[in-house]
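Q: Work the whole structure out from these sequences, hints included.
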Amino acid sequence: MTEDDRLDAAIRKLAEAYQRPPEPPRDALWGRIQAQRAEWTAPRGRREFQVRPWIRWAAGLAAALVIGVAIGRFSVGGPGNVGTVAATDAHAGALLATTDQSAQAAYRIAATEYLNRVETLLSVFTIEAGRGQVANREFEGPARRLLLRNRLLQDSPAADDAALAALLEDIEVVLVQIAAYAGDGDEEELGFIAQGIQDRSVMLKLRAALPSGTVPVAMQGAL
Amino acid sequence: VDEPHLIARVLARDPAAERELYDAHVDRVYRLAYRMTGDETLAEECTQDTFVRVFVKLGEFRGQSSLGTWIHAVATSVVLNCLRTVKRLHGREMPMEQAADLGNEPGEAEPDLKRRLRQAIEALPVKLRMVFVMHDVEGFTHEEIGGALGMPVGTSKVNLFRARARLRDALADFAGELVG
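Note that the protein sequences, when read in sequence, are chains A and B. All residue numbers for the first sequence refer to our numbering, where the first residue is 1 and numbers rise by one. All residue numbers for the second sequence refer to our numbering, where the first residue is 224 and numbers rise by one.
Keep in mind the hints are simulated off the structure, nothing from the lab. Among the hints, a few may not be true.
To be verified - Pairs of lysine-lysine residues, derived as BS3-like cross-links and limited to a Cα-Cα distance of at most 25 Å, are as follows:
1. B:K337 / B:K310
2. A:K205 / B:K380
3. B:K337 / B:K280
4. B:K337 / B:K350
5. B:K350 / B:K380
6. A:K205 / B:K350
7. B:K380 / A:K13
8. A:K13 / B:K280
A: Structure representation (structure tokens):
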């Protein structure tokens, strides 16, 4: 046995104490896993983030604006735009010609829908943090659910897009902070989270990543 | 345990089978998560996340490795993601040289030796640390590590060799005490 071997053996023995794990809380963990799976497979309405009435009004107004702009574009553009739409449809047909591309588009839709939800949560969180009215019960659950979806998306082909992958990582950091926020009115912690959102330009990147209309033409029919 | 039968029962949503699968693997997953994160909450979160993913993705398991190896692949991916997030949150990972400089007085009492070892392990690049912890601390084989980390067995051996060499260097001051 060489000197290195003896040293390795001694290090190995000493390392047994390195971060020695306690007994896992098996039953409690199992309960949490079951609860998370139940949430994951629950009907969509039950999983959605509960938005406040004024947010619904704001969302309604935003939707009306989007529809108004769309109508304006069609009516002002006239026949020229019809050609553009037809060309886009033809292009969309070509894009979806293969199964792989359809799958890619499906992941993209899932990512877009996910980013929309994140944007809603972060908008409400930022506004309420500014008012010092953050009640963690409202945010912890949605943040944890979005965190799980984030990690699934990071493992999916959607993350092949480097920009989206980077955005998902930024979102993950912010969601971890929100999920871990104790909700005890600690302004410093709230400020730290809000600062994190600002420093990473998360809202800006989110809005840049989201399509300006509803679901992009190329993604229609992918699911 | 008849693995294919157990998997079929889990895929058929048999609650007893789900619990059986969980019971068979939770300890090893939790131990690895705890050894790597050093934090009870994070270890529980990683374990929870691992099993949620396992149940979601079990239909994709093709039996090319053992179920245990596949579950550990999911677990290591979750733990590495978690460590990356923690690193981004705290920016705490310490360069090797810096760790070697800490408490650099030869022959100190054993607690200091343990502290130095801890710092040296934490200063290892995360893949080397994972291989060292899996092999030398948790007793995984190189085949299991290769399967879990998606690397050839030879790469796992090389990584372990490098990790051990770095630890020997970091603890050179204590060599006499360690082998004495």
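Q: Would you pick out the hints that fail for this structure and give their numbers low to high?
A: Result: hints 2, 3, 6 and 8 break, sorted rising.
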